[in-house]
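As a plain string of letters, each chain reads:
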Amino acid sequence: MIEWESFLLVAVVSLVAASVIVTIASLGIRLFENAMHAREANASAGKVGIGVARVLFAICALLVLFGVYLIVPAFH
Amino acid sequence: MVALVVVLALFFDFTNGFHDTANAMATPIATGALTPRVAVSIAAVLNLVGAFLSTEVARTISGGLIREGDGGIQITPTMIFAGLIGAIMWNLATWLLGLPSSSSHALFGGLIGAVIVGAGFGAIDPGVLLSKIVLPAVIAPFIAAGIAYVATKIAYRITRGPHAHASRRRFRMGQVFTSSLVSLAHGTNDAQKTMGVITLTLIAAGFQAAGTGPEFWVISVCALAIALGTYVGGWRIIRTVGTGITDVSPAQGFAAEASTTATILASTHLGFALSTTQVASGSIIGAGLGRNSHSVRWRVAGRIGVAWLVTLPCAAAMAAFAELVARLGPWGIAADALAGATVIALMFRRARKNPVNHTNVTGEIPVVRHTPSVMMPKVPPSLASAKPPKAPVHSSEFRDRNAP
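Line order of the protein sequences matches chains A and B. Counting from 1, one number per residue, gives the positions in the first sequence under our numbering. Counting from 1001, one number per residue, gives the positions in the second sequence under our numbering.
Careful, some of the hints might be misleading.
[As the list claims (entries may be wrong)] Just so you have them, the derived chain A footprint on chain B, three or more residues with Cβ under 8 Å:
hint	region
1	1165-1175
2	1180-1187
3	1260-1267
Derived from the structure by calculation, the hints contain no laboratory data. The beta-carbon is built from N, C-alpha and C at its ideal position, and this holds for glycine as well.
Only chain B is shown next, with the shape it has when bound in the complex:
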């Protein structure tokens, strides 16, 4: 059971990595600041380094969301197992749809679902759920969008003039640094969650003394799993974030990444945790609005918003079901594992029918990389980019997914 949980936790860590590559690397890939391969390599290395850098591992799996420990309920390895199944399923489903959703919300949702079935509703603290998950999720994209809007306006205002076109391309250099910072911050945060899950499982199973930190092998395998996931790259999500929401120019990309970095660093250091995924996506919407309000594809943005709202309940529902089955005993757990493996295999097969990888991640229209105002500097940017070319790739992909 413990081995199964460890394997599942590492697989979750892997999906976490490839789900979140887009947060840092979608815009530099979209603007051509970094080639796709180089971008995911940088992100992978920084995630690996980041995982080793941070010593602060979550003391509780859920950060107070679930009343665990003394006086509360005991989270069993079976619950963690079921929770991880729910979280992984949801992460893979959103990846298949190319939607950036929060991996932390998937993990919390999965655990909540499993705990509700395992220990009843009383085990969940609704106040913490509201103040730590629901409200920040609603606020994060707006605050990030507002900041990126201002930052984009500033970047465009300062660089306008006879050499605007050449100047704005130079922001690509800056994008390399801002996106690297986002990657590093991601590594120090997200690998810790899996380390926490594995360590608490080991403690619960009696393999490790209570109150001790993660063993070195746990840190190493978690770092490797998240780096590998990052390197494999969730190309579908990168495509949505980088070119689906709006056509990002280097100046917008830089402004968006700078806003993301500033918001994430401020939120982690001033005690108001915000989801990286939501901040990054919100920044890109803000950057789109900052250049031209017509350039944001609200349908795509709306789909992403819906995905955020349903992430926690969906992961919870799947985990609850997995927990129900797991309570039947060893055969239930085996059935869970088998069903999970089958669904994962099916999703990967489905993904291969319509592959998105480093070769086609920026879409099939090269014009996305060079905005009209860049190519025709004499036309005022406001006119030139009023109607950005629709990218047939994205819309058709979304339609395909809707069809069945």
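The following block holds chain A by itself, in its conformation from the complex:
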């Protein structure tokens, strides 16, 4: 019959993974957008926001690479 344990595991892991990546991407996008608007008003503003957003996007890129790692069997 159905393996409820592995099913629950898949459900929880998927939920956490999807939530984490969407949270990071959304935060990055929001910071980036706000910083861009701040810069329109004042050319020197928004540097911190853009910097943090870049870090968040980099984390997203790493998560995508981890996805590729999981997909390609030769890597593990």
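We have chain A already, so just place chain B on it with the hints.
Then chain B, alone, in the frame of chain A:
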């Protein structure tokens, strides 16, 4: 006979490719993150690469569904032939109706039907059928919908504020990556099924030693067939998934694709296999609910659900019939092949009467691409998108199909 099976298997691989382009590429096409041509090209390349990347080919055609091998029944090339005919017919019929159905279920259904006629009901393991096919098929859309619902809520909550409109459009960039991951995962999984079928046929016919992996030419042609199918693109299905279920915005598209990717990767690595098609469609429903519960067209979703339920039995019935005819001998097989070719030709002709391709895949209403809340940022999104514009294209298409 073996050559016929190989050709049919490759044709199945092709339909598999074009049936499943929608899983990865429907939402980026719908939101304009990728143009249709670019989207199918990326998907095709990633499927091609994916097919070469994976070394793990199914040891048994059906993964234990059919009691095959030692102590069980011997699956003959004729059964595989009949099973493939059933699977291809069903894949093409659902494509004509624009319904995303699982290609794996069609393949398993076809084989089950052929084996039941060829070897009796005892050849099927009902426990495996229930735990590997039926229950996951019921569960997959719900789990995917739930995850995409949460993900969409998160994306909208975080990006709300004065610059919500501009922010949410930026999710298009993310969609490119998430949908590419789905494509790559698809290539590593689905081409393997056809490789397995061809290899087992070659072994059964004595052209290849038992227990050996697929020959390089088998891997190559399977990779090419699935990539070509993906590139040709099942535009009808892309339209249903991308704009028929709900009007997808970039933030929803990203949330849905991220959920699909997470669920598929988790399910393949933690040992609870779920169908990509069902996960992808469920995610889109969840993303629709996450933004606005009225934005999901339940009639379309219901049709898709019905298609999932009947995929296995329908493919099985067609394959069973094909197997009955094939048992008459060489003439039966010839009749099968001829009838199959005729039906395929008729379906393609029927499709040309009402063509859906890269030019009209997002429907005829450009408003689908930019949701009302995006165009009028001062109206609260909940109000602005309460009544999404009905897309006349989809409903009329479905009505047309129902008429006869």
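8 Å C-beta test of the region 1180-1187 of chain B against chain A, three or more residues: holds (count 3)
Verdict on chain A covering the region 1260-1267 of chain B, where coverage means 3 or more residues with a C-beta closer than 8 Å: Result for this restraint: holds, n = 6.
Annotated coverage of the region 1165-1175 of chain B by chain A, confirmed only when three residues or more have a Cβ within 8 Å: holds (count 6)
The structure agrees with every numbered hint stated previously.
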